[in-house]
Each structure stands twice: as structure tokens, then as C-alpha cells.
Amino acid sequence: MNKSRFLSWLYGETDVMEDILELDETSDESREQLKREKRRLRRELLRSGRAKKVIGAETKGFYALYHVVAVVSCIMLIGVLLFAVANLPRYGEENPETTEMVARYVEKGVEETGADNIVAGMILDYRAFDTLGESHVLFTALICVTILLRLDRKNMRKTYEDYYAIRGERFHDISREAIMRNVAAVLVPCIFVFGIYVLLNGQNGPGGGFSGGAVMGAAMIIFSAAFGFDKADRVFSKRLGAWVTFAALSFYSAAKGYVFFTGANHLENHIPKGTPGAILSGGLILPLDIAVGMVVAFTMYGFYNLFMRGK
Amino acid sequence: MMEWIQFIATAVCLLAGVFAFAVAVIGVARFEFVLNRLHAAGVGDTLGIFLIVLGCVIAAGFSLDALKLVLLIFFMWFTSPVSTHYVAQVEYFTNRQLEKYVRFIGEAENGSDTDGDS
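Residue numbers (my numbering), protein chains in the order written: chain A, 1160 to 1470; chain B, 1399 to 1516.
Isolated chain A (complex conformation):
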């Protein structure tokens, strides 16, 4: 029973969440209308030439190739990872990762990075390349969601408009309510100030780019939920988000590229370290924190925005 239900959900025949996550009740008219609309769109899609081509490709073994490639790449990945795990040093054995590196981080961390917070020194100085990759993962995820869910005049057809009108009625919009607005008017500035504090304090204490960016993203989400998308779009539009994220990632890459280049070639690094404990300390850590925070904040807000009003 359970298995067949799971399988039918897997192949998209039934919706398990039906009756649980539906937001409107009683009249099934709107739902019927949605179903009819979906069926009609599907029929239209099947009638067009491109769909036929895709279906033809499927029958010609494209799907089989897809499966084979997926299995092969999975096996290769598993093999590489198992190989790496097998070559790890044994537990308790002498190896540079557990002795020399940790000792160096603890003993020389403050002196070499200029940051009191040793974790910030590690993730944004010794291992900044890793953090750069993480920021790019966030950016890539945002791009994917944008590609899938973006909704504007270019890709919105007339036939879809009714679809969204029907769907829009089913959600209760809280942005017009006095409680939410007044609470947000008091809270949002406080949260923003706290986020900026966490962001700028990353090299001296707990905090840093990811946590500060998350707090600021939450503030943006509350603002958007309380005052509606129209007002939120005036302050942080999609365009602004894209530009800020792009600029932050470019700055991060350029700055870290400079540091890597000078370090690898034994050149002098001209970035001042400052005195540990001050706000302007830690060399590149503060600017990089700000860049990471911007990326995180706009990624969170972008996710919320796109999932709330996307397709």
C-alpha cells in the first residue's frame, strides 16, 4: 500500500500533499479550473513540434544513455571518494594535518592574519579558497532558482495569467495588515543594525559573513513580507541583487587572486594587517566578510522572493 503510493507519487500520478497543504477549502471549482487549465496546456504542448521531437529522442534511447551516464559518473565519484578515504592517515597517527597545521593556526594565527577570531582567520585567510567556492555555490543556486522560477513579462503568456490569478486568491496576503506592518517597522532597522554589527565584527568575535548575511537576509524577508513586493522592489530589486552579488564575488576573486599570486611568488603583500582587536584589522578579512555577507543576504532574499511569487 505504502510502496505503491510512494511509486505513484514518484511518477507524478498522485499528489501526496493533496488535502494537507491545500490552502483553500470547500469549493472545488477553482481547483477544477486549475486542473482543466493544466490539461489544456499539456495538450497544447504535446501538439507542438518540439514536444514530439523530445518524445522521439526519448524513445530512441536518449533516456537509456542518460541513465548509463548517471550510473557511470556516480560510480566514478564513489571510487574517487573511497580512494581518498582509504589514503587518509589513521586515527591518532602522526600526520601534518593534525599536528603541524593546527599548531600553526593556534600559535601564529593572530600574528599572521591579524584577526582575533581564529575561526575567521582560518576560513577567510588560510582557507579562503574554500569560502570562495561556498559563495559561488550560493550564487549558482540562486541562478538556478532564478532560471526556473523567474516571472516577468517576457516569459508570462496570456494563458498563464488566469492561472496565477486563481492561485493568487488562494494565498492570504499578510502584507496589508496593521500588526505585521507596525511590528516590521520597529524590527527591521534593529535587525539590520544587528546584522551589520555581526558582519563587521567577524574578525574580532563570533560572527562574520555567513551569519551576518543571514541576519540581514532575514531582515529583508521581513520587510518584504510586511510591506509587499512592490515596496520591497523599490529598495532591493532583482537587478540590484544581481549586481551586488556579482560585484561581491568579483571583488572576492580579485582580492584573493592578488593574495595568492603574491604569496605563491614570494612577493610583498601590501595589504595592512592592522592591530588585532580593532574594527579595521585582519587585513582582507573584513572586506571579504562584507562580500560574503552581501552574497548570503541577497541569496536568501532572492530565494524567498522567487519562491513566493514565482511559478
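Be careful, since some hints might not be right.
[As the list claims (entries may be wrong)] Label-pair distances were calculated between CB atoms; the ranges are: (1) B:F1502 / A:C1233: 51 to 59 Å; (2) A:P1248 / B:F1431: 38 to 46 Å; (3) A:V1265 / B:M1399: 38 to 46 Å; (4) B:F1502 / A:H1226: 52 to 60 Å.
To be clear, the hints were calculated from the coordinates, so they are not data collected in a lab.
The model shown is predicted, which means the values in this text are computed figures rather than measured ones.
Virtual Cβ for every residue (Gly too), placed ideally from N, Cα, C.
Since the structure of chain A is already known, use the hints to place chain B on it.
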């Protein structure tokens, strides 16, 4: 002497806060309907937080830490009821069998039999 008074006041506040949280947890676990559970959860979110943070304020004495803790009470009391309110509102707008659990005051006498569920 003064330290003993401080200590006892702190302990009383903390124990009372733990009691409030215990009530909240038992209520959330035992009640069946969402609005009842929200009511129970609200006890922990407001009274429990207040008592525990008050105990911490007394323990911290007159200092900057105490001010931060008072701010914590302020923000918790400011946000938690709002979120509870909206969860309750979502329940009100989306539950199909609301009449099973809730008696609307003033409607029962009018005999306005809603044609939702039989």
C-alpha cells in the same frame, strides 16, 4: 546577606521559568488541536522566557549584560506573539474542519448552519 537574597531570587525565577516551560511542553505534546497547542506554546514563549531572563538579570546585577537581557525580553515579547498570531490566522483560514473544534460565539444562536462539512 545581599548575595544570598540575589541567589534565592534568581533560583526562584529560574525554577518558575522552568515550570512555565514544562507546562508549555506538556501542553504542546498533549493538546490535539492547533489553536490549543499554540496557546500552550505561547505560555513558554512569553512567561517562560520572561521568568528565565529575569532570573539571569538578577544574577547579572546592575551591568551592561542586564541591559542586553532586558532587550532580549523586549524582542521576544515583541515578535513571539506576532508569529503566534499569524500561525493561528493561517490555521483559521485553511482548516476545513474548523467547526469541529471551535464554537463561534454569536453564530450558534443565529442558527447559521454553515454548509462546510456535514
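The hints, checked one at a time:
1. B:F1502 / A:C1233: 51 to 59 Å: About 57 Å separates the Cβ atoms of B:F1502 and A:C1233, which means 51 to 59 Å holds.
2. A:P1248 / B:F1431: 38 to 46 Å: Violated - the Cβ-Cβ distance for A:P1248 and B:F1431, about 56 Å, lies outside 38 to 46 Å.
3. A:V1265 / B:M1399: 38 to 46 Å: 45 Å, holds
4. B:F1502 / A:H1226: 52 to 60 Å: Check passed, 56 Å falls within 52 to 60 Å.
The structure fails hint 2 only (numbered hints given earlier).
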